[in-house]
Each structure stands twice: as structure tokens, then as C-alpha cells.
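Knowing the structure of chain A, use the given hints to seat chain B on it.
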Amino acid sequence: MPGKNSIAIKLVLVITLCSALIFAATLGYNYYRSRVILVQELEKNARNLAMALVYRVETELVAVARVTEGMARSLENGRFSEQELLSLIRTTVEKNPEIYGSGVAFEPYVFSAASRLYAPYYYREKGKIAFSRLEKSYQYVPYLYWDWYQIPRELGKLEWSEPYFDEGAGNILMSTCSVPFYREAGGKRQLQGVVTADISLDSLTELVSSVKVLKTGYATLLSRNGMVLAHPLKNAVMNETSFSMAEAQHDPAMRKLGQKMIRGESGFILHKNLMGVRSWIYYAPVRSTGWTLAVVFPETELLENVRRLSMTMAAMGFVSILLLIAAVVYIASTITKPLRLLALATDEIASGNFDVDLPPVRSKDEVGMLAHDFQVMKENLKEYIKNLTETTAAKERIQSELKMATDIQASLLPRLFPAFPDRPEFDIYASMDPAKEVGGDFYDFFFIDDTHLCFLIADVSGKGVPAALYMMVAKTLLKSEGQRLGEPDQILSCVNKILASDNDSCMFATVFCAILNTETGDIRFANAGHNPPLIMDAQGIRYLKPKPGFVLGPMPDTIFETERLALNPGDTLFLYTDGVTEAENEEQKLYGEPELKNALHRAPRKDLADLIHFIRREVTRHANGTPQSDDVTMVAIKYRGAAAQ
Amino acid sequence: MTTTTQKKHPGWQKLKLIGVPFLFLLLACVTPPAAAVETALQKASFMPLWSPQAQFAGYYVALDKGIFARHGIDLKILKAGPGHSPAQALQNGTADFAVLWLTTALQRRSDGTKLVNLAQIIQKSSMMLISRKSSNIKTVADMNGRKVGMWGGDLSIPPRALFAERGIKVHEVLQTHTVNLFLRGGIDVTSAMWYNEYHTILNSGIDPEELNVVSLNEQGMNFPEDGIYALERTIHKNPALARAFVAASLEGWRYAFAHPEEALDIVIRYMREAQVPANRIHQKWMLDRMRDLIMSGALRETPGILRKKDYEAVGRRMLKASLIRSYPDYTVFSWRSDAGEK
Chain A
1 MPGKNSIAIK LVLVITLCSA LIFAATLGYN YYRSRVILVQ ELEKNARNLA
51 MALVYRVETE LVAVARVTEG MARSLENGRF SEQELLSLIR TTVEKNPEIY
101 GSGVAFEPYV FSAASRLYAP YYYREKGKIA FSRLEKSYQY VPYLYWDWYQ
151 IPRELGKLEW SEPYFDEGAG NILMSTCSVP FYREAGGKRQ LQGVVTADIS
201 LDSLTELVSS VKVLKTGYAT LLSRNGMVLA HPLKNAVMNE TSFSMAEAQH
251 DPAMRKLGQK MIRGESGFIL HKNLMGVRSW IYYAPVRSTG WTLAVVFPET
301 ELLENVRRLS MTMAAMGFVS ILLLIAAVVY IASTITKPLR LLALATDEIA
351 SGNFDVDLPP VRSKDEVGML AHDFQVMKEN LKEYIKNLTE TTAAKERIQS
401 ELKMATDIQA SLLPRLFPAF PDRPEFDIYA SMDPAKEVGG DFYDFFFIDD
451 THLCFLIADV SGKGVPAALY MMVAKTLLKS EGQRLGEPDQ ILSCVNKILA
501 SDNDSCMFAT VFCAILNTET GDIRFANAGH NPPLIMDAQG IRYLKPKPGF
551 VLGPMPDTIF ETERLALNPG DTLFLYTDGV TEAENEEQKL YGEPELKNAL
601 HRAPRKDLAD LIHFIRREVT RHANGTPQSD DVTMVAIKYR GAAAQ
Chain B
1 MTTTTQKKHP GWQKLKLIGV PFLFLLLACV TPPAAAVETA LQKASFMPLW
51 SPQAQFAGYY VALDKGIFAR HGIDLKILKA GPGHSPAQAL QNGTADFAVL
101 WLTTALQRRS DGTKLVNLAQ IIQKSSMMLI SRKSSNIKTV ADMNGRKVGM
151 WGGDLSIPPR ALFAERGIKV HEVLQTHTVN LFLRGGIDVT SAMWYNEYHT
201 ILNSGIDPEE LNVVSLNEQG MNFPEDGIYA LERTIHKNPA LARAFVAASL
251 EGWRYAFAHP EEALDIVIRY MREAQVPANR IHQKWMLDRM RDLIMSGALR
301 ETPGILRKKD YEAVGRRMLK ASLIRSYPDY TVFSWRSDAG EK
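Here the protein sequences line up with chains A and B, keeping their order. Mapping to the working numbering: the first sequence position 179 is 179, numbers consecutive. Mapping to the working numbering: the second sequence position 50 is 50, numbers consecutive.
This is chain A alone, in the form it adopts within the complex (with noise of 0.2 angstroms):
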């Protein structure tokens, strides 16, 4: 099973949490602009509701208010009797069926000198026109008294009442519009009396709550003071003002919104109603009386397509995000799984089987390529490893053959010691350590007669087999030619020559050569351009100053010259190669002649194969671990004298 880290669970990961996120943006501002193009419509519809329902009110108090300025009118222009009076009023309220009742108050001992207050009502009761006198149906309070009466004496204006109960006359809830009349007297305008005209509230009140809004909207009316004259709230009508409601629910924002309306103003708001319940309300004044129509639209209704809509989105949001993860799954498995099989493969091939089947890979895409390119490596590096295998093979068997021409190389050399144990006069000692498998530098020794020893060391050219065949040739010759010649001036230039003769690989050799007279001590030698070697007798140490003479190979008719040098008994002869003197260490600096010189100062003189491995130990100090670049070849020869037979 694939583990968290897989690529299929993180691809579903982010996928599924990048379009979800996405969705949920896109569905957010999606419900925010509904809103806010809803709310603009609603705004106009609203005002469109609350405009046609003032109109519809407007007309109806205008009309009223228009009779009623009418009749004033009259009265102020005319006279009229008793009977003429009851007449206007009683056809007014049968013209008018806006009008619930009508009547016209007078100022006292206006009407009539004999009584005190005179008024005159017709009102609407049961389908008939019936009449009363207010100057007797008001029990308590004169109609002098009443607001419909006392705010428009004052004011000398038409003036709308505060809806009231006319608890005596009409005895309904009811709103009336009054206008003072005048006449004039002595060049004063003197109040007459008050003319007046109901409309039953409950008629307006029932045309503003026959008006359906959505389900629970509704339109409300208040009135010059914020009191609620049609709600759906029963117990709130004539009862609260919107002050009251607000002080109960303290809440100022309201108090704010109800002064707004009193003051005839008009807008559109989100705010709660009376009820608690916020709502987008669009109020407007009714010029007429003062009073306010609003429309109310409870938010969660006026909501609530917008909200179902953003629910189904969103359900459908969800089974296309299922849908998504379904497909990442499928694609991200046509990815993973020939990985997954290749990736076992690859196991398989790191094992070392590379005969293990890549799985087959049909499609052409990025992974199809990756399984192809697969599959070529794989091949190549079965080609590689096979090449590498013959190869290895076969430098394995060269390294073989170089072993075994060191062993022959070596046992061309005399390496057994004491060389001549039967022969006291002198000893010899030699060491050879090729810096390869096979070297260039080589000693030798050997009698030419019974009392002449002739020893020498040499160095070929060049390293390795080339220079290991060319010292065998070298080697053999000197060797050969030293028996046959006997001085080492002839010799030289007798290989020489022979040398020379075939050299087309131009190869050389120095060669040290001496001749040991065991009996006097005397040395002839002759040096073929080799390091010089060191004397160690009474004098000291030293070098020998040899006559440097030219290398063996490259010219045919080199002339050497012997020289010579007598050991007394307990002299020593240390002859070198240049592997010695120019051992490196890793600081490139070479050994050096007086180092040399110095260590054989320090060196055990009794044993030769001490002193030679004494030797030996201070170059590989010296060196300190850098690879031996040269051979290092050393032979010490010691003079004990005649005497010593």
C-alpha cells in the first residue's frame, strides 16, 4: 500500500484542498453578489410597493382633505341657516364614501347667541347616515377640548389628528382632517369654528395589511408620533410608538430609524422590526398626514432562493470535487504503478541481475520514455560490465607474467649472501627494490680470474619491461664481455659498441665498472656517465671523483678510461643508483649526495647488509610514504686484505 508520501494521496491532498478552497471562494462571492444584486432589486420593488401604497392612501386623504377645505370654504363665504348646515354635512358624507363621518364645531355663542357650543355630526353607522350632536355626545370632555378641535384653533391650519377612539361620537378608531374657518368682522378674522371629516383607520389599515410581502413581510403604518397604526403584531397597534418598542428592546438604532420616518424622511435599511426579526424595510412618508408606510421583507426570506441555490452548488461542488479525487486517483495510478514495478525491477538490476524483464510500458509519455531509457541503460551496462570483466581478465594475466619477470629479473641478480663464503679478502653486499614489477637497475658480480673480482651496478634508461629487456641485454653483455676482456675500459667500449649497433629504440645505460685485485686491493675502475660512488677508509668518507665518461647505447665509439684506487684492509666501497639520491618525499625534495653522505657517517660499518639496510631504511624516511619512483639499488664492497687468508 502506498504510504503518505506517496504521489498519489499528496496529488489528492492538494488537488482535493486547492478546489475545494477555489469552490468555497467562487460559492462565497457567488452568495455575496446574489445578495447585493438581490437587495438592489429589492430596494426598487420596494420602493415601487411602498410608493404605490402611499399613492393609494395619499388619494384617498387628499380627496378628504380636499372636501373638507371645501366645506370651510363655503362657510366662510355664505350663510347658511340651521337646515341649509345639516344639509352640506349630511351630503357630504353620503357623496364622500371615503368620509366616515362629518361635522362642524363652533367656537362658543358662535352659531347661535342662545346656546353655548352648537355641532352638528353625520356619521356612518350600520349602512345608514345617523346624526348626533357632539355638544352632547362628548361626556367628560367638551369637543372644544379634543385635539381635532384644539390643534387646528391654534394652528389656524388644516391639521390631520393623531389617530384617536371617538369614544362617544363616532366610536370607531379613526383619523380626522379639521380646518378652522374665519369670517371677518371689523377688519378681524375671527375663528368661527372647526369643520371636520373622519376616515375610519380600520379601512386604510386594512388595505396596508391586505398587502402580502414573501410569506412573513408585511406593510405597517405609523403615525405622526411613531405609533403603530397597522402591524401584524395586534397588541402593538395604537398601543406602541417606535420609540417605546426601542426603549423596550434597547436598542437606539431604532429610536434613531423611528425619528427618521417622523420627520418624513424615506430610505432603506437593514434593521430588526418590531419583532426581532431582521428585515430590509423601505419606509416612506405619507405627506398628508405625517405619517409613515414601510414595507417590511424579513432577510432570511428574501434570502432563502439565494440560499437554497448556493446549497445545491454546493452539494454539487462536493460530488465534483468526489468526482476530481476520483480521477486524480485513476491518473496518478497510471503513473505510479509501472514506477512502483520498475522501481522492483531496479532493486532486482542493483542486486546484479541484469537478465531481470523491465516491465512493459505501452504509453508514450513521460513515464514510457523512462521505462525506454530504462531499459537502454540497462543494456549497456550489461555491455560494460562484460567488457569489463575480458578486461579485467585479461590485465590479471599480464600482471601474472610481470610476477613472474620480477622472478626472473631477481634471480638474474646474485642474491645470496655471503657471496663468496670462501674467500676472506673482501665482502660483498647488494640490494635491488624496483620501483615497478620489473626494473631497469641491476649489479652484478663475478671472478674474472682467481684473485679479480669484477664488480659493477648500472642504470638503464627508462622503467619497466622495456628498460628490464634492455638491461638484460646489457647485463649479459657486461657480464660475458668483462669475462672475456678483464679491463674495465675495454669492456665498456666493447658493449658499447655492441649496444650502439641495434639501439633503435635509443635507449641507454650508465654503468659503474671495477675490477678488484683481492690480493693488493687495488681497484681498476670505469664509470659510463653512473652517480659516483663513496670511499670509506681512514681519510673518511667521500666521494670518488671518477672520470665522468658517456652513457653505453647511444654512440658506437665512446672511448672510457680506466682509472685507479687501492683499498687497504677495512676500506669500503659503496656504489648507488640515482633511485637512491633522488628518493622524493611528498615536498618534492630529493634525497641528496650529502644526506647520503651523512647517513653512512651514522651507519653500522661492521655488516655490509646492515649498512645497506640502513641505508635503505633512511631513504624510505626520507620518502615518508611517497611511491618509490626510482629503483633504489645499492652494492658496498669492503677490503680485508690478503692477510686475512
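If you're looking for bench data, these hints aren't it; they were derived computationally from the structure. In this text, all values refer to a predicted model and were calculated from it rather than measured experimentally. Heads up, the beta-carbon is just placed ideally off N, CA and C, and yes, glycines get one too. Be aware that a few hints might be false.
[To be verified] A few chain B positions that, by computed beta-carbon distances, are all more than 12 angstroms from chain A:
#, residue
1, ARG184
2, ASP207
3, GLY220
4, LEU231
5, ASN238
6, ARG254
7, ARG291
8, ALA321
9, THR331
[As the list claims (entries may be wrong)] Below, computed lysine-lysine pairings styled on DSBU-like, alpha-carbon distance capped at 30 angstroms:
#, chain 1, residue 1, chain 2, residue 2
10, A, LYS44, A, LYS260
11, A, LYS188, B, LYS114
12, B, LYS114, B, LYS43
13, A, LYS256, B, LYS138
14, B, LYS133, B, LYS79
15, B, LYS76, B, LYS124
16, A, LYS260, B, LYS147
17, B, LYS308, B, LYS114
18, B, LYS133, A, LYS256
19, B, LYS133, A, LYS157
Then chain B, alone, in the frame of chain A:
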């Protein structure tokens, strides 16, 4: 709703005649004999100053919670409001007890009705003269020559006394129980009670900041208002009843202040029965203000006492304003239930 007390009264008397033996019979059957002594409740009638509202919460609560019954009184609260005068009801014997203002009582006493103060409930004047800031009336002096709304009858005594004292002539306009005349601008100044009309004005959308309020109390016109009154002869006839009535009323007030929501429920129920618009938040305001007025000052511990100093100050003022011809001695006018029978 045009039924009057006059109409009801004969029926009430008849009920009294058949009611007492019937009630006695009923209680004798139901309750054990030991309790029978207490069941002999004395009938009494009471008229508040106005139709039911929180201004009289103490009496309605005491009635509803059986406090009057516990004090041995079978109380009947009479219909009040427009057209009903409690002073008149006392005078003609319709009511045994009534709520009157001190000024009203003194005026009636001066006119010959022998009224006695049983308890002073509201210790100070809660009357206000309110104008809009826009009409630029800041002091009483500014009201000179302006249109001032005044209630008819006894309720105009305190402002009249104030204007007389300050030598101001205002253009009086009779105002009724609505504030519309003031709201529409028909008058410049309106009379208002702190616990009633002031709040009505606020709840008609006018902010306190828009109003100039002259409180009579702050003008030195400390006219104690609501008090419980009875005729001298009623008290002489049955001092125990008077004592019990005062005790039960004060207990009713204490209960109402301790349980304001319950008190409001009771008051509003009586208001609905009387078919009076009942606005709970307005009644709450009124009850809260009654608490301020009744439970204020040094008398917090023992409400119900008419202080001699207050009484005489009012008497002197009214005399000076020619509103009364004379006023009786404090000891004659004020009957202290705790001072024994007077």
C-alpha cells in the same frame, strides 16, 4: 364604555345587601370556625385619581395579592379617569377612600368638604413644565405671555401658584390627556407629570436634549401630590378600617417595588379590563418613577407621612395665591394612623 359609577352604584348597594349574608354563609361552610372571625371582612370602596396605571400600582397589587383581605378589608376599586372626580366621590359618599393631591384636598377643605389626609404617598411634586428648546423658554420667567397648556380642575393649582408667585401672566390653554397639542406646536409649554406625559413625549420621538424641562419641585414649589384621603366622618365611624386601609396600601406599595414585573402584570391586567391602552414599557417607567417619588429622602423608612413643614408651606402658598380662603390646623388635617385615634 360609557357606564358610570352613578349607574353602577345602586347595583353595588344591592350586592352589598345580599352579599354579606351570602358570603358569611359561604365562608362558614368552607372554612373552620376558628377562621370565621377573620372572614368578617369589612367592605370598603376606593377611587384612584385616574384610570388604572402604575401610578396606583400599590393599591392594585394589594388588592390582587389579597393584602387588603388580610387586613380585613373587602375592597372595591372604583372606575376612575375622565369624568370621575375622586374628591366628588368622597363628598357624595360613593367612595370611602380616594387618592387626591394635597392641593386639591386643601381646596375642597376650604370649600367645606371635611377631608382628612390618611397618608401622604408622594412626598414631592413630580409636575413639570416642558417646552421645546427651539421655543427658547429656559426659565419660568420666559413663559410670560406664552401659550401654556394646563390641565383643567385641581391639577392646575401648582402651576397657577407658581405663576402667581413669580408674577407672571401666561396665555393659558386647557389641555387634555394627550400631548398632541404640544407635539404639533399648538402650545409653547405643556404641563406634564414626570412619571407619565414626560415619558410619552420622549416616546413620541423627541429626545430629552430637545426639551427644556422646568420641574416644579426644583422651583421650590414642593407640593406633595398623591395622598390617601377620607371624610372626617368616615374615619370617626370606623378608625380601624382607615388604619387597616393605610397599612394594606403601604404594604401593597412595598410589594410592588419588591416585585416590579409582577406588579406590572397586575396593573396591565387591570388596564386591559378597563379597556385602557396598556403600554408595558410606559408602565415600567411610571412604576420606576413612583419608586423614586415614594421611596425618596428621609422618609424612605416610613412612607406615608405628611410632614408638617410641607403641609404648612403648601397652605401658605395657596393662601397667598388666593386659591383657598383658609387652611385647617395640621393636626386637624393630618390623621396619623400610628398616632392613634384622633
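Against the structure, the hints:
1. The Cβ of ARG184(B) does not lie farther than 12 angstroms from every Cβ of chain A; its closest approach is about 5 angstroms, which violates its non-interface assignment.
2. At roughly 8 angstroms, the least C-beta separation between ASP207(B) and chain A is not larger than 12 angstroms, which violates its mark as non-interface.
3. Look at GLY220(B): its CB is around 30 angstroms from the nearest CB on chain A, clear of 12 angstroms, so calling it non-interface holds up.
4. With a closest Cβ-Cβ approach of about 24 angstroms to chain A, LEU231(B) is found to remain outside the 12 angstroms limit, as its non-interface label requires.
5. Taking the minimum C-beta to C-beta distance to chain A, about 32 angstroms, the non-interface status of ASN238(B) holds against the 12 angstroms cut.
6. At roughly 26 angstroms from the closest C-beta of chain A, the C-beta of ARG254(B) stays outside 12 angstroms, upholding its exclusion from the interface.
7. For ARG291(B), the non-interface assignment is confirmed: its Cβ lies about 18 angstroms from the closest Cβ of chain A, beyond the 12 angstroms cut-off.
8. Distance to chain A confirms ALA321(B) as a non-interface residue, since its nearest Cβ pair spans about 24 angstroms, more than 12 angstroms.
9. Every CB of chain A lies more than 12 angstroms from the CB of THR331(B), the least distance being 37 angstroms, so the non-interface label holds.
10. The hinted pair formed by LYS44(A) and LYS260(A) meets the criterion: a straight-line CA distance of about 20 angstroms does not exceed 30 angstroms.
11. At roughly 50 angstroms between alpha-carbon atoms, LYS188(A) and LYS114(B) are farther apart than 30 angstroms, so this suggested pair is violated.
12. Taking the CA atoms of LYS114(B) and LYS43(B), the gap is near 22 angstroms; set against the 30 angstroms cutoff, the hint holds.
13. For the hint pairing LYS256(A) with LYS138(B), the CA-to-CA distance comes to about 26 angstroms; that is within 30 angstroms, so the pair holds.
14. With a CA separation close to 38 angstroms, the supplied pair LYS133(B) and LYS79(B) exceeds the 30 angstroms bound.
15. Using a Cα cut-off of 30 angstroms, the hinted pair LYS76(B) and LYS124(B) holds, with the two alpha carbons roughly 28 angstroms apart.
16. For the proposed pair LYS260(A) and LYS147(B), the alpha carbon gap of about 28 angstroms is at most 30 angstroms, so the pair holds.
17. Proximity of LYS308(B) to LYS114(B) is assessed by CA-CA distance (about 18 angstroms); at most 30 angstroms being required, the pair is judged to hold.
18. Between LYS133(B) and LYS256(A) the alpha-carbon distance is near 19 angstroms, which keeps this suggested pair within the 30 angstroms criterion.
19. For the given pair, LYS133(B) sits about 24 angstroms from LYS157(A) by alpha-carbon distance, which is consistent with the 30 angstroms threshold.
Consistency note: the structure conflicts with the earlier hints numbered 1, 2, 11 and 14.
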